[in-house]
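As a plain string of letters, each chain reads:
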Amino acid sequence: MTLLQQRPPAGAGDHPEHAEHHDEPTFIVKWLTSTDHKVIGINYMVTAIVMFYLSGVMALAMRVQLSSPSGVGMSLQTYNELFTMHGSLMLYLFAGPFAFGGLANYIVPMQVGAPDMAFPRLNAFSYWLYLTGSITMLLGFLTSTGAAAFGWVAYAPLSTSTYSPGPGADLWIISLFLTGFSAVFTGVNLVATIFYLRAPGMTMWRMPIFTWNMLVTALLILIAFPVLTAAMVFLWTDRHLGTHIYTVAGGGVPVLYQNLFWFFGHPEVYILALPYFGIATEIIPVFSRKPVFGYKGLVFATLAIAALSTGVWAHHMFTTGTVLLPFFSLLSLLIAVPTGVKFFNWIGTMWRGQISFKTPMLFCVGFLLAFLMGGLTGVMLASPPIDFATHDTYFVVAHFHQVLFGTAVFAGFAGFYFWYPKMFGRMLHDGLGKAHFWTMFVGFWLTYLPQYVLGLHGMPRRIATYPSGLGWTALNMASTVGSFIIGASFLIMLVNLWVSWRRPVPAGDNPWDGHALEWFASSPPVHHNFEKLPPIRSERPTWDFNHPDARTIPHGRHAEHELVGAGASAARGDDTTGA
Amino acid sequence: MPDPRHDAGRGRRHADDAGRRSRRRRRLAAAGAAALPLVLAGCKLPTFYGYRGRTSQAHDEFLLFAGTVIAAIVVGAITGALILWSVFRYRRRSDAIPRQFQYHIPLEIFYTAVPIVIVLVLFGFTVYTENKVDNIAPNPAVTVKVTAFQWGWRFDYTNQHVFVTGVREDNPDPVGLGGKTCVASAPTPNDCLGPALVLPTRETVRIVLVSNDVVHGFYVPQFNFNRYALPGHTNRFDFNISHSGIYRGQCNQLCGLYHSQMFFHVVALPPAQFDAWVTGTQPQPDNASLGSTGASTTGASTTGASTTGASTTGTSTTGTSTTGTSTTGASTTGTSTTGTSTTGTSTTGTSTTGTAPPTATTSS
Amino acid sequence: MKVESRLLVGVALFFLVTGVGYWFWSYEQSGTVMLIGAVLLGMVPGGYYLWWSQRMKPRPEDRPDGTLEEGAGVIGAFPGSSIWPFVMAMGLFSCALAAVFGLWLLAPGFAAVFFAAIGYTVESRRGGTV
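Protein chains in written order, with numbering that gives the first Met the number 0: chain F, 0 to 578; chain P, 0 to 363; chain U, 0 to 129.
To be clear, the hints were calculated from the coordinates, so they are not data collected in a lab. You may find that some hints are simply not true.
Distance windows between CB atoms, simulated [unchecked claim]: (1) P:Arg-90 / F:Pro-68: 31 to 37 Å; (2) F:Phe-483 / U:Gly-72: 56 to 62 Å; (3) F:Thr-236 / P:Asp-133: 17 to 23 Å; (4) U:Arg-5 / P:Ala-112: 22 to 28 Å; (5) U:Gly-36 / P:Thr-233: 48 to 54 Å; (6) P:Asn-130 / U:Trp-50: 29 to 35 Å; (7) F:Val-441 / P:Arg-90: 19 to 25 Å; (8) F:Gly-430 / P:Asp-133: 53 to 59 Å.
Think of the CB as a built atom: it goes at the ideal place given N, C-alpha and C, for glycine as much as any other residue.
Looking at chain F on its own, in the form it has when it is part of the complex (with noise of 0.2 Å):
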């Protein structure tokens, strides 16, 4: 069963001896049974993927409701089910799993050159618990008091079993401990995976910015997922132990529940950006054909952003009254600041390229835009009064829709459609992907813009129905049509799968001339990925190998020419229309 793996040749490559591939077992068994990364890997998106279209269908029938100021006679317990279970699966079961459970486990081992996980066994493992975690989630739905109702944040007390009977509550919160513990698996196998599979030569400073940003991830994880389980073991033992540590009554704080939950929830939200803010790292050098900009810079700038994100916990809390207000907001401000600076690095990364608008590089633009102004918006809320202003509205949830649709939707589709014909090797189809991704992007902003100023004329989040005649009603149609203008967009990515499964085109070992080394492998790559490695002298050792005349100029060699010498880089003649 156990393979000593040795370490490809360099060069040209003879196959090395794969103890199993006598044995290759069928489909199910395969299915149950593998530790490959990859498997484990694809596992992963798949279930995410199907968490995404679930809550999408959520989403449309939550903007059905809302089109119209008295809804659709959808009731209110439905409602509020339907929110909490579409920010669950949202956060918990797609864009976490589908960046650090599927496309790392998938690219990291082989962006740095393993054969496979460190841990192959708790990798499957992980995986598993994932899985029974988000059936334990949806199962609430098939209980008779209906699945929870209380939000993705479960604020104790509503959250305790006074305020939430029942057992969908408490599906929800094993759910967490499941998905939680799966998390913390993947961050330690991760962790170490870079720290002690890379292959020769590939230093720290050597990684891909994706295998980066995947490592800091990791360590974020490490930091926030266990207080989230400390969190829900305590409601947990308030709800079924009679302790009471989130009730008043029993001399319990129910602001420790906002505390612990947000030291987690705060780092979450970057364990869900970072990934994706890796994946655009990696596409846009990719079809602008040079390295990406400030590479040191970019991995400064994302410790600077996980470090800082653990410190601003509370500026979710800023209208509780009981949180230091300057220390929480000077923090959170400054989070934009690291956030700027890949703002300009992925400039930088386009800037004097040659840059082709496949469907992955269309969809990164998108994402620049849309994080763009999530992200503008984000530094408002930043500052308390205007927080106190616009807290629990929908400005807030224009807010951290077009940051979290921005990064996990279109940058994570944008690493789905670039990484595809790795995974499969075949090709999806341009045209489709293209046409997904601009009805997907009207879409998004004619959803997301019209929340934004409802929010700012006082509509609150999570209300089911609301009053007429405050000038609502129109905007919440027009979102509601946008909302299904994404939906349509999805149903485009389901025929362009549909037709690259019925129609494969070949989609070759390195079909977007990559840079790192998963472009080196084959399409799809072997049992323990690589059967030959190139020298790797740089974070872009494909390209290299490829394109051996065409190396980064050095660090030091850039005083005389930049962005300023346009006579310069004329001169040279690699700008063909001037500037």
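Fit chains P and U to the given chain F structure using the hints.
Only chains P and U this time, still in chain F's reference frame:
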């Protein structure tokens, strides 16, 4: 305290250091310098869909909001323009491989330093505004204890021994201005949902906010303000209402099943009319001598109308009964029709005649 | 190892500074405790790596001039496939559901976890170094 000219000047000097590429930046810094006094000048600013605010605190918040929006638009426009410029200008036109440059240290320092400056300026304004918004005056003219519960509100005027309570969507409200008058004077009928929080204008109003059960949110959009009502923790804040009028309010923190319907509204009256309203709902002297609970009971009978108002709209009123009259309330709500006929008519009459006519004008 | 250890020690130092600053600015307990927890999270593995990084030569993957030939040889043992992760997860799933649907679910749960633990161990022994 942030002086806009000083901050803008710092920005300008910084831009000068950045060399010959800074001309565009310098123009932006100048634009920022022009924008900031504009922010402080105030009222001629576009609203950016926000509310200018009907309290002095809300107005301070609005100025910060508008200034931040302007800054965000400037920053967003520059960044967005750079993104779109790269996207359109550097489309692939040939198979040539572009120069493989990766670092430009001065530029990287520049685009790290500039956001730090912007953020620190914003932080300065934030702290300045925050201190004004959160300031607690030593001697408020009126103190109202606001108790949130599932799913309604109770407003205790602690010194006047009066309270108002109501659950969910009492529509139109039976206390405060009286249903018809509120609807007539409010911008829309739906601004009158829920119980009325009657407050004087031009005086400092202290709100003492607590919750009886779960976390609620006290939110008045036109006051640009919301604050959690937490169980076991008391929040205090002040309003200085500048314009009389009717302002809708709502719970904005998810609090359970009927969260969507947990309305209230603020009726801001000039001080003289506010005093008249308080007198009109004042308990009988013999009851007042019973102390706060006795007075509250009187208040409960006064405003029991709101309870029954709720029950006439077909909503459950158990929440009110617990907070309203401590033990007998439950039975009252059980027989909602009698409640309406006995207490409702008399008391709403009182409050309506006391206050309604002069406030027929909404804010301007 | 150097970069890795510095990264983790850096995590610890950052949270130390933040935690001390936060405590003396706010005197709020829960946040301070969590920040101290984060210090330990960085310090424990970071200290371990730091200790080792001063006692071992840079590995081929730590050196910019490391070549693939230097890294030739056995990397480690990677089980090709195993049913035990699935069994163990199902056991835990059953145990978790016991918290909602009744304690009897603990019985199959513990049984599955027990067998899976044995299965893991036996598999590892058979497979050699892990």
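Cross-check of the supplied hints:
no.: 1; hint: P:Arg-90 / F:Pro-68: 31 to 37 Å; result: violated (46 Å)
no.: 2; hint: F:Phe-483 / U:Gly-72: 56 to 62 Å; result: holds (58 Å)
no.: 3; hint: F:Thr-236 / P:Asp-133: 17 to 23 Å; result: violated (35 Å)
no.: 4; hint: U:Arg-5 / P:Ala-112: 22 to 28 Å; result: holds (25 Å)
no.: 5; hint: U:Gly-36 / P:Thr-233: 48 to 54 Å; result: violated (30 Å)
no.: 6; hint: P:Asn-130 / U:Trp-50: 29 to 35 Å; result: violated (48 Å)
no.: 7; hint: F:Val-441 / P:Arg-90: 19 to 25 Å; result: holds (21 Å)
no.: 8; hint: F:Gly-430 / P:Asp-133: 53 to 59 Å; result: holds (56 Å)
In this structure, the hints that do not hold are numbers 1, 3, 5 and 6, in rising order.
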